[in-house]
Every structure is written in structure tokens, then in C-alpha cells.
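**Student:** Residue numbers (our numbering), protein chains in the order written: chain X, 640 to 1057; chain P, 640 to 1057.
Hints in this document: simulated from the structure, not taken from any laboratory. Incorrect hints may appear among the rest.
Note: identical chains are not told apart, hence a pair may lie in one copy or across any two.
In the EDC-like style, the derived pairs of lysine to aspartate or glutamate whose C-alpha atoms are separated by at most 16 angstroms in a straight line are [as the list claims (entries may be wrong)]:
| no. | residue 1 | residue 2 |
| --- | --- | --- |
| 1 | Lys910 | Glu807 |
| 2 | Lys1033 | Glu903 |
| 3 | Lys742 | Asp714 |
| 4 | Lys886 | Asp896 |
| 5 | Lys1033 | Glu797 |
Please read all numbers here as calculations on a predicted model, not as lab measurements.
There are 2 protein chains.
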Amino acid sequence: MINACICTIGDEILIGQVVDTNSSHLAVALEEAGVRITRMVSIGDEREEIAQTLRKELSRSTIVITTGGLGPTKDDITKGVLAELSGSKGYVEHAGQLEMIRKILAFRGLDMLPNNRAQALVPDKAEVIVNQLGTAPIMVFRNLFGGTLYALPGVPHEAVGAIPALVEDIRAHQALTHICHRNIMVYGIAESALSQLIAPWEDALPEDMHLAYLPNPLTGIRLRLSIYSGEEGEQHARMEKQLSQLKAILGDKVYADGDSTLEETLGEIFKTNNLTVSAAESCTGGEIAHLFTSVPGSSNYFLGSVTSYAISVKENVLGVPADVIREHGVVSSEVAAAMAEGVRRLTGSDYSVATTGLAGPSGDENNPVGTVWIGAAGPHGTQTVRYQFRNDRKRNIERFAASALDFLRRFVLADLNR
Amino acid sequence: MINACICTIGDEILIGQVVDTNSSHLAVALEEAGVRITRMVSIGDEREEIAQTLRKELSRSTIVITTGGLGPTKDDITKGVLAELSGSKGYVEHAGQLEMIRKILAFRGLDMLPNNRAQALVPDKAEVIVNQLGTAPIMVFRNLFGGTLYALPGVPHEAVGAIPALVEDIRAHQALTHICHRNIMVYGIAESALSQLIAPWEDALPEDMHLAYLPNPLTGIRLRLSIYSGEEGEQHARMEKQLSQLKAILGDKVYADGDSTLEETLGEIFKTNNLTVSAAESCTGGEIAHLFTSVPGSSNYFLGSVTSYAISVKENVLGVPADVIREHGVVSSEVAAAMAEGVRRLTGSDYSVATTGLAGPSGDENNPVGTVWIGAAGPHGTQTVRYQFRNDRKRNIERFAASALDFLRRFVLADLNR
């Protein structure tokens, strides 16, 4: 596998003003093409720092990709540094990019100013890939300190837009190995317990296969299995074999084979089976509805929800009996069940899910902070479950909501498998 | 100003599966404390690469901060590399972190597995700052190749949660120049328009003062004014003078003096004036309720909400008349008003806010994607407003919700100033 380094140039990233998303887009595309990213570096708009970093990275990577520093303003100095590094004797105007600059300015109804035209100038040692989305050309410097350097603009949609041409150029000039990746989505088990559970399987993986754990409070743990050698067809067969063993170990803790979220997985279940759903939320305060509706097309199965923060709303809107609340407390199995049944009745949905708990900062007389009761209701009855998390309000809201989605998933699947 | 390097360790970033947000959070906090970030580096879970990179960065920066690679699984090797680099003779169990691990597991109702307990082991040359939010301890290695190394967990809320302790330790051990920062929160104006509006004021700022624009779809634009020289007392007086000029220019576009969010600002208004609020959401799908309830103590003023995704829920739960929907369409001023009035009636709140619009991916026959109608209702009547955004579902949901909160803020303040 050939190695690459992604180098982001610009002060705005170093002071935290901008989160660098270009690098991860580039990494996904390159990894899929069979290029291994060995490091990402962010540096400021400083001549000596840029020159030193690029020289160093070019000498140890086959490819270095820079983003940023190509704009028309005074603090953008990358092009000048590249002219020096490449030993260019001067600048030449690139006709294709100049034409593109002309088009872009005409579209915006602007005249061409000298600093717009200067954007089409490139060091004479550079090859140019015309930037179809902006004024700064994409430059390629081959055989520079032992590597190839691609200079991309920093504006996110221009950098992302340059990826297909970049990958095409790399394919044309490098012999790439094929890497195979697959994801399995897991919910309802802690990372440490998961690691222990699958240790025998993981330890027996062949040398060229690698498993990564990617935990996220809203999606559980994404397990990514990668194969770094062999032919494409044979890779798929080996992958399939290992994954089927892994899935057998994990059982219904696996909620999706491939990249997905709980709300997308649930959405598929509802859509496929022509079912509708609603939610009644207390402690999750709208997060479950937000997750459901973050999926495009969710209006086909998500009817709506009630956030019943006040007891009066639980009673008057959801119809939770006042004596149930009095007898069992707001955070109870009985109230979770009554909320789920209430919103199901109110919206007429096939299924519903409800949460009542204490996200924090404090608990109440009966329950510690981090307690949640989840209820799920459907045509065959109602079930509830209790979970206990910790004292981090933001985190608890996410965990409560994700746990509720997973509980509902198991509840609906059990019905469908009746 | 002392220099620092932030080093992110983990394959998941290099293959682009995860966007590194920790570095920008760290950068903002360190910059505010008077530490200059000179580079950010991301490397994989590879022993030699980690060792070489850390040695290099420690030799040229006063501080190196790593995030990631401290988990309990086999691919997390940072701790081992740090033990080697620091010349530790072995590992010692840190009682404080072990206690925290015990608490976390007990709270979740989990048994302590050997790999949980192993999390409390640290190289004997490490100082420990107990991680209050997770099982992996924060480690400090002083005088390591000429610098100080802080090893933070990679899980975002743990990394961000570690920032106050990190900054405190840096302050205790380094002579930092005092930099004075103040934030002003602005909503309802684009960055370019804002920049144009305040250009005369900004251009007249003294040499040692700097203004940064930190835009965020949910909170608007945070304007951060910094003073890089002088004595603390004198800095505050100069800051006050400049900010009062800035606030006079911006008027009610400023929603908070100091770091805040729209939902926190609204919460303060409701609490101070003993008012309650509710929400009816269509296109924002629970995001407004989620924002309200993300504020601790919001149960004092937020009564609840209805997410009315289906028309039947708009009619049957919120009581929006069917003929209003038929006549004006679901995305209309009339429906936004009826939704706001409906949820206010249903919950008995003093104020309410409602949204109906098209977040995407597509528009309908009457409205392009990105259209939203917002309604606000209160004791003195109802008002609506229409906004038009672009074609990005996730972004639109955030922008719709934030715009609704800001519209409600102006609506309530106008009532209070009657």
C-alpha cells in the first residue's frame, strides 16, 4: 500500500475557529482507493513551517496532499512556497483555469480584478488540474523530494469537489492495492465487555485483517473489519466468513450489517413492514423525535411525539392517570408504560416508545440521577425496561434516547418474529 | 506566548471515519489561556510512529497534548508507548482512577472486568489527573524530551471534559501572558454582512486587540474580542469601552454579553420573569424541545412540546383546523400560528413557538426546500415570520430551530418592554 500525508495549511484551524473536515473527506476517498493515510498535519500560514513540513513529509510519503493557503489574499502563501520548493523559474498563466475564473466571475456579475487573474498563475514546474468550483487551480508537483504533491484549495466544497480528479490522477500514476472494509453496528454492550466477548475470535484473525472499535453514544459501537492484502474477490469471501462468525457471537446486539444508525435501522423496519411510530418523551426532551426525523423520508412512518416535561402535560395530553403518578412516582415503569400507550392512542401509530427519567444534574428522592424507564407499546402489548447511567446531563439524554430506540427495535422485531 | 502541539492518535481519524473535533475545542481553550498552537498532527495506532512523533514534537514545543489511544482494547497502545518514552520501570495502579472506574461500573450495574481494572494502571513516571467522565486516566509526563506531555482520552466528551483541569495544570506550571477575551453572542445576521457592518469599528481597533468570528448554526456568531498585552485591570477597562461601542452598533442582534446559547438566554428570560413556554414542531422534529431541555433546570419553565409530523397530529392533537391546512397549505403563516396557539392552549404555557417547513431533501409544489414558517404565541397575541434557507436537511433543522428560538426571544422581549 502506498502512503500519503494530508497537510492542512491555515491559521484558522490552529486557533480552533474552523474544524478541519476536508481531511476526513480526503481520507475516506483515499482509503477506499487503497492509499494509506499515515498522518495528517495542520500548520499555519508560515513560510518556513510550510517548507520544512512539506519537505519532510514528501521524503517519507509517496503522496502529500495540501489543502488551503491558495487564496488571493496576502496571508495565502502556499503557492509561493511551492514555487520555491519545486525550483520553478517563474510563473505561467494557465489558460484553462483563467477561463474558469472568467466564467465564475461572470456568473456572480463581477469584473476580473488583477488579483483574480493572478489566481491562474502557477509555478512553471506545476501540472494543473482545473478547479471547476473555484478560482484557485489544483496543482500537481511530481518527483518533489521523492514524492508527489497535490495542492488543493481549502474551501470545503472546492476541496471535496477536487477529490474525483485527485483519485483519478493517483490511480493513473500509482500501482494501488485493494483494501476491503466492512462495518457492523452493535448496541447494548460496553466496549470493554464487547472486547472481552469477542477476544477469542479477534485473537484468531489472520495477520492481514484488523478490527477497529468506533464507539459513539448515539450509535453504539461500530466494529470495522479491514483486509489489507489479497485480491478483491477473495477478500470479500474472507470478509464474509469472518463477519458471519462475529455476528453469530454477537447475536441481536448487532443492529446493522454495514454503516447505519439506530434511527435509520428502525426506519427501514417501519418502512419495510408498513408500520408507523410515535414517541412520548420526558427526560429525553425531544431527542428521540429529533433522531427519528433526522432521517430523510421519516415522514412516511414517524407520526409525531409529545414532549411531556411537566406533569400536567403527562396527565392532560398523554392521559397518564394522576393516581399512577402519585402511587409509583413520575420515574417508574408504570408511567413509562402509560406514556407509551397514551401517545400511541393519541397519534394512532402502530408502535410507540416513551422515556421518563432523570438526566441530571440531580436525582430525586426515589431515583439517582441517570435513571431512565423506557416503555414500548404496540398491537400486542406494552413492555418497559430500566437503565441506569451516570451524572452527565447531555450524555444521559443521548444514552437514554439511543437505549430507547434500541429497546423499541428489539420490541418490534420480537413482534415481527411472532 | 508558549507553544503547543496537539496530537491525535487513532486509526479512525486517519481513515476518515471520525472527524477530529477534540483538537479545535482544545485549541480554542488553549488560545484563550495564552498558549499558541503551532501544529496539529494526527497519527495512527502504531508504536514507532507514535514514539517518533511525540519525541519530535516534545523537543520543539513546550507542551504536547495527545488525545486518544487510551481505551481498554488491543488497538489502544498509547499508554505503552508513553511508558517506554518516559523510561518508566513499570505500572502502578492509581487509586483515585480505580475508584472512579468502580463508581462508573457500579452506576451502570456492570461488574469490573480485568481490562476495566487495567485502565487504572499508569506508567510510574506519570502524574495522574483523574478522569471524572470515563475510565481512562489523564496522564501528565513532565520534562519529557524537553517538554510536558498531557495524554487525554479520545472520547470527545471526556476530552472536552478534561480541558478545565488541563488548563489549570498548565497555568500552575507555565508563565503565561495574560490575554483578555470577551464574547458577544450575535444572531440573525450573516457573517459577511456582520463584517461589513462593523468594519469601521473593527478597523479602528488598537494593534494589540483582535476580533475573531466564530460562527455556528445553532448559536449564531460568537464574536471574541482579545487583548494581547497590558495589565489585567487596564485590559478590562479597555475591553469594556470597545464592547459598549460594538453593542451599540449591533443593537438587538446581540442576544448575550458573554458565552451563552439562545436556549440558555431564553431560559434566563423565562426564569427571571416567572414565565412558562411550550413548542409545536413540524420540520424541526423535536430539535427545539431538545435545545430547551438541554439546559439544566429547564423543567422550571419548559412545560412540553408536540412534534406534529403527520397532518393528523396537527389536526387532532394541536387542533389546527383542517380547512386552514387545506386553504393555506401545511407550510404557511396560518398553520404556524395555529400550531403555536394550539400547543399554548394544550399545555397552558404563557408563551409558545411553532415551526412548519421543508427541511429537505425536497420542497413541495408551493415552497422550495429550506422554507420555514415560525409562529410565536403569547398573552398579547401571535406573530409569524418566514425564512428561506438552502438544501441541507441537517443544517436546515438546526437553522430553523435556532431561528425559532431567536424569533421567540424578540417576541417575548417586546412583550416585556411593553
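**Student:** Give a verdict on every hint.
**Tutor:** Now for the hints, and whether the structure bears them out:
{"no.": "1", "hint": "Lys910 x Glu807", "result": "neither (32 angstroms within a copy, 52 angstroms between copies)"}
{"no.": "2", "hint": "Lys1033 x Glu903", "result": "between (22 angstroms within a copy, 14 angstroms between copies)"}
{"no.": "3", "hint": "Lys742 x Asp714", "result": "neither (25 angstroms within a copy, 50 angstroms between copies)"}
{"no.": "4", "hint": "Lys886 x Asp896", "result": "within (9 angstroms within a copy, 53 angstroms between copies)"}
{"no.": "5", "hint": "Lys1033 x Glu797", "result": "between (25 angstroms within a copy, 12 angstroms between copies)"}
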